[in-house]
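A.B. asks: Chains as they are written, first to last, in our numbering: chain A, 1 to 204; chain B, 1 to 204.
Hints are computed from structural coordinates only; laboratory data are not their basis. Don't take each hint at face value.
Identical copies carry no separate label here, and so any pair may be met within one copy or between two of them.
To be verified - Straight line, CA to CA, 20 Å or less: simulated SDA-like cross-link-like pairs of lysine to any residue: (1) Lys160 to Ser199; (2) Lys185 to Glu10; (3) Lys160 to Val86; (4) Lys185 to Asp3; (5) Lys204 to Thr167; (6) Lys95 to Arg141; (7) Lys204 to Trp122; (8) Lys160 to Arg203; (9) Lys160 to Lys204; (10) Lys185 to Arg13; (11) Lys185 to Gln8.
Protein chains: 2
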Amino acid sequence: MKDRLDQQLEFLRIVDGLKRIDRMTRLIQQPGESARRENSAEHSWHLALMAMMLVEHANEPVDLARVLQMILIHDIVEIDAGDTFVYDANAMTGKAEREARAAERIFGTLPDDQRDDMFSLWHEFEARETPEARYASALDRLAGMLPNHANGGGTWNEHKVTVEQVTRRNESISMGSTMIWEHAKQWITATHHAGLIDSEADRK
Amino acid sequence: MKDRLDQQLEFLRIVDGLKRIDRMTRLIQQPGESARRENSAEHSWHLALMAMMLVEHANEPVDLARVLQMILIHDIVEIDAGDTFVYDANAMTGKAEREARAAERIFGTLPDDQRDDMFSLWHEFEARETPEARYASALDRLAGMLPNHANGGGTWNEHKVTVEQVTRRNESISMGSTMIWEHAKQWITATHHAGLIDSEADRK
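Excised from the complex, chain A in its bound form (with noise of 0.2 Å):
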């Protein structure tokens, strides 16, 4: 047992590590600030306490504690592969290989039973082909966009990103809730409609 905990709690040692790596997203501003960026710990920690919060609205029932494992883990990999910004073709590039190494060597440091159900959730999240994984997933592309309608256009208007490709990257939400892309959707228009963020039709 003891050899278990010490291996354990050089794992929770590593994962320290999240807190240091800062994704596009901001959080949500006060009047008149300019917020600094979130890192990826705090993120997984909201978008578990979405998961809590919003379970009444996913398509099908899921098991909430596989979710929340799910949700806890699931940026891990940028511990050492780095956060990608999803609207970035050419960071992508790569991204699969970078995240299997670090999966390997982070997930690698628990006693081999732990590192199999770390790699197992982690895969589950990615492929998004259980009733969890597609609720937990929906989820992570809501965090995205909260900070974003709540900022006038965030990281949306900061990037130029069009409504099309707003839309486009988020419209797998209703994989997982069509109850929250409906409300979502809703974001995408008011902040096209105050000019933050253009459509394809506006640049002609």
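Model the placement of chain B on the given structure of chain A, informed by the hints.
C.D. replies: Chain B in isolation, oriented as in the chain A frame:
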């Protein structure tokens, strides 16, 4: 259903504020670095991950889903009430009242049934009377000890806390896991032997 989702999303926007609440504890340092303080949102994530990885060491069988939910919400009251440094007796005065008011306001944004669920989780955590709460609370203390041990005494050293104070503050870990407390005691001893914290006898 629509009104419920609006209320839930408003709650999820408010709790973004937990990312702005700094604790005394610092991130685990890299060589030669003075690491920044950690905030309560990323701390809550780390703690939830600890609960997931160390559950085999709990003294009693626990419902992991309930433990995780308790942990995810345990610090939300700090958005209004602030973080209170556990070794600061003055700051601890009035903490319960400040936090009760904060819970009223923040959980109060939710639909009534979820507001009641949040109060019940939060009170359960604070009372430490169930196996889940004893285990969650043990990890909350372990989470304070982990970076202090890793950072050569950390805030214990910074604030000249003694071996006896650290021991008294954290010995309730044994109520949630004797296995983990046995290990954590070795961290205190090692930090003392390295001359990074004093015992009361050292100061005579």
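A.B. asks: Hint by hint, note whether the structure agrees.
C.D. replies: Quick rundown of the hints versus the structure:
{"no.": "1", "hint": "Lys160 to Ser199", "in the structure": "within (10 Å within a copy, 59 Å between copies)"}
{"no.": "2", "hint": "Lys185 to Glu10", "in the structure": "between (43 Å within a copy, 17 Å between copies)"}
{"no.": "3", "hint": "Lys160 to Val86", "in the structure": "within (13 Å within a copy, 46 Å between copies)"}
{"no.": "4", "hint": "Lys185 to Asp3", "in the structure": "between (50 Å within a copy, 16 Å between copies)"}
{"no.": "5", "hint": "Lys204 to Thr167", "in the structure": "within (19 Å within a copy, 68 Å between copies)"}
{"no.": "6", "hint": "Lys95 to Arg141", "in the structure": "within (18 Å within a copy, 36 Å between copies)"}
{"no.": "7", "hint": "Lys204 to Trp122", "in the structure": "neither (42 Å within a copy, 54 Å between copies)"}
{"no.": "8", "hint": "Lys160 to Arg203", "in the structure": "within (11 Å within a copy, 62 Å between copies)"}
{"no.": "9", "hint": "Lys160 to Lys204", "in the structure": "within (15 Å within a copy, 66 Å between copies)"}
{"no.": "10", "hint": "Lys185 to Arg13", "in the structure": "between (39 Å within a copy, 17 Å between copies)"}
{"no.": "11", "hint": "Lys185 to Gln8", "in the structure": "between (42 Å within a copy, 17 Å between copies)"}
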